[in-house]
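Participant: Below are the chains, spelled out letter by letter.
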Amino acid sequence: MKPVIRDSGGFVAGLLFLSVGVGAIGIASGYRVGSALHMGPGYFPVVLGVLLVLVGAASVVRALSVTVMGGERVAWRPVLVIGAAVAVFALAIDRIGLVPTVFISALLACMAGRKPRVVESCVTAAVLSVMAAGIFYYGLKLPFSLF
Amino acid sequence: MDLFAHLATGFGVALTPDNFLYCLLGATFGTLVGVLPGIGPLTTIAMLLPLTFKMTPVASLIMLSGIYYGAHHAGSTTAIMLNTPGDPSSIVICLDGHPMARQGRAGPALCISAIGSFFAGSFGVLLMALFSPPLASVALRFAAPEYTSLVLVALIATVVLARGRFLLNIGMSLLGLLLGTVGTDIESGTMRFTFGSPNLADGINFIIIAVGVFAFAELIANLGRGRAAAAPPAPLRSLLPRWSDLAASWKPILRGTALGSALGLLPGTGPMVSSFAAYSLERQLATDRSRFGNGAIEGVAGPEAANNAAAITHFIPMLTLGIPAGAAMALMLGAMLVQGIAPGPGMISEHPDVFWGLLASMWLGNLMLLVLNLPLVGVWIKLLSLPYRILVPAILIFCCIGVYSVNNAAFDVMLAAGFGVLGYAFSVLRCQPMPLIVGFILGPVLEQNMRRALLLSRGDLTVFVTRPISLTLLVMAVCLLGWAAYSMRPGRDG
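Protein sequence lines correspond, in order, to chains A and B.
Our numbering applies: residue 1332 is where the first sequence begins, and numbers increase by one.
Our numbering applies: residue 434 is where the second sequence begins, and numbers increase by one.
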């Protein structure tokens, strides 16, 4: 009989824990591990890595036997758009200044919903850029360049 | 008496114009976000954290805690009026609060929940004043082995008692501990998991994780779910409850307060579990159970009191032991660290102004909420018409600027984006973020104390079981694990 994955969430999470655990062991064993008396910097991470591998494996095995009802579908549009909006902020803030960055990033964030409205989004983004400059640059005097 | 002198100091601190203003600001912000669905107390704390770093330590803690208990108060308002819980701990208020409102009794429901909240909050503050100093002085005698065991118990309790599945919670907790090791190792100077990036040399700032997992991931999840249209607000006639309402409510309020105060102390439970527990307790005790779900005032009074008592006693382990009992407390603890206050048993004696000032402000804040909530209900309800699609860019921008301004590093914002996507993946996989953030905060504490304990005992692991306090704590940990394993036996979804 072919094994059936009955709990895909637990299965994927288990794989995630497993791979992070293996990675942690791999990297941390390059640091000095030491003994219980003189724990090196690698000791604690290696222990955590081993535990993660065990938990991950248990979770994968369990996912093959326990059925879990339901599960959430991945909302690709919000993930990509919100992720992109934050990433754009990170890339732009040191280059083009606060006001344009906030405008572009806010405009992008407005596109994350199902039916974005063009005019409303532009107005929201513009208002937010002005507010950001007002609160953070003039109000709190944070070291941003405006443009 | 000592206590009165301390309370006088506390009120002296809390009543300075600045601190009073921050308390009012925090309570108002908290109410605001408690009312708005989709922005919970965690998102708000994460969002406003960077702004508080420029304040004095007392002021920042006063404001953050105001946000926290304010949100707990206000969540029930929308639950009663619109059948939409403002935060998870008021889900249970919908069950009887909204039917009451539909019957034209929204006023009494709101009023009883406000009175219950205020009573429970005050009682929680009293407990905190009475029991925190003795608890801290006991904990002051803890050496490295005791502290190691204490952190272990806290981590295990978090994993066992938190919502969600046991195995996944363990995994999340371990992941949090591992994230806590990123950066320069204090004792050897070795760079761990920095992948050669100088940006990671000081470790990952907890704000990055908090904003990513609690703000960005929440935004994505809310957008993905789409929002059902809220029910039209119930009519609001008279605010005043009848005598029969008061007579029916005072016992549930007392019971809820007691239950919530106790559950708030345990790591991993907190306000939400307390309100559910109080609801089922009231249902068990009722003579006519069919009234529940159809507007029984006991079903509002009990859970609401429990929820607010727990919200206050939740602070006790954090302030006395340095052990956060939940995600919100982990964020508070992080804020204290940034302010240069070392949390732990020494905190009360080293920073009495912070502890007693915070305590006094909590009582003042609860009083303010009583005043804020009742007459302004109409205003808060209007806020709900603000569409979520406008809130999304506003929250996102606020968080980005906040994360950036901590170190003026664009790298941090990029990292937060990564944690946002990761946090959303966790929510799809039904992994709770709470054990992760608690593990992240407690990880360095655990590692340092474990190293110190084993260095002092010359590598002898029995040091943890030969000292009575440490042994007791470890026995508790084993019992918790045993109980969790028992409830995970085949045939149940553990």
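No lab work stands behind these hints: they were computed from the structure.
It is possible that some hints are incorrect.
Away from chain B, derived, C-beta distances all over 10 Å, residues of chain A [what the hints assert, rightly or not]:
#1 V1351
#2 A1355
#3 G1373
#4 L1395
#5 G1428
#6 V1449
#7 V1450
#8 Y1469
#9 L1477
#10 F1478
Example chain A residues on the side facing chain B (calculated, C-beta under 10 Å, incomplete) [unchecked claim]:
#11 V1353
#12 R1393
#13 W1407
#14 A1415
#15 A1418
#16 V1433
#17 S1452
Derived CB-CB ranges, DEER-like [unchecked claim]:
#18 B:S713 x A:S1476: 28 to 38 Å
#19 A:G1428 x B:A775: 30 to 40 Å
#20 B:L914 x A:L1368: 18 to 28 Å
#21 A:S1476 x B:L559: 18 to 28 Å
#22 A:L1368 x B:V908: 54 to 64 Å
#23 A:L1368 x B:D786: 50 to 60 Å
#24 A:L1411 x B:T905: 21 to 31 Å
#25 A:P1447 x B:R596: 43 to 53 Å
#26 B:L824 x A:L1411: 11 to 21 Å
#27 B:L718 x A:S1350: 18 to 28 Å
#28 B:V908 x A:I1466: 45 to 55 Å
#29 B:K815 x A:I1427: 32 to 42 Å
Predicted model only: the values in this text are computed from it and were never measured.
All C-beta atoms in this analysis are idealised placements derived from N, C-alpha and C, irrespective of residue type, glycine included.
Participant: Regarding the assertion that A:V1351 does not contact chain B, is the least Cβ-Cβ distance greater than 10 Å?
Facilitator: 7 Å, violated
Participant: Is the hint on A:A1418 kept, meaning its closest Cβ partner in chain B is under 10 Å away?
Facilitator: With Cβ-Cβ at 5 Å, under 10 Å, it holds.
Participant: Next item in the hint list is A:W1407. Is there a CB on chain B closer than 10 Å to its CB?
Facilitator: 9 Å, holds
Participant: Beyond 10 Å from every chain B Cβ: check whether that's true for A:F1478.
Facilitator: For A:F1478, whose nearest Cβ neighbour in chain B is about 16 Å away, the distance exceeds 10 Å, so it holds.
Participant: Is 28 to 38 Å respected by the C-beta to C-beta distance linking B:S713 and A:S1476?
Facilitator: 57 Å, violated
Participant: Quick check on a hinted range of 18 to 28 Å for B:L718 and A:S1350, using CB atoms only.
Facilitator: Given range 18 to 28 Å: violated, Cβ gap about 50 Å.
Participant: Between B:L914 and A:L1368, is the Cβ distance one that fits in 18 to 28 Å?
Facilitator: Cβ of B:L914 to Cβ of A:L1368: about 27 Å, so the range 18 to 28 Å holds.
Participant: In terms of Cβ atoms, is chain B entirely out of 10 Å range of A:V1449?
Facilitator: With a cut-off of 10 Å, A:V1449 remains clear of chain B, as the shortest Cβ separation is near 12 Å.
Participant: Over 10 Å from every CB of chain B: does A:G1428 meet that, or does the non-interface label fail?
Facilitator: Given that every Cβ of chain B is farther than 10 Å from that of A:G1428, nearest at about 12 Å, it holds.
Participant: Has the hinted range 54 to 64 Å been met by the Cβ atoms of A:L1368 and B:V908?
Facilitator: With a Cβ separation near 25 Å, A:L1368 and B:V908 fall outside 54 to 64 Å, so the hint is violated.
Participant: With 18 to 28 Å as the target window, see if A:S1476 and B:L559 comply at their CB atoms.
Facilitator: 51 Å, violated
Participant: Go ahead and decide if the range 30 to 40 Å is satisfied by the Cβ distance of A:G1428 to B:A775.
Facilitator: 38 Å, holds
Comparing the model with each numbered hint stated earlier shows that hints 1, 2, 3, 11, 18, 21, 22, 23, 24, 25, 27 do not hold.
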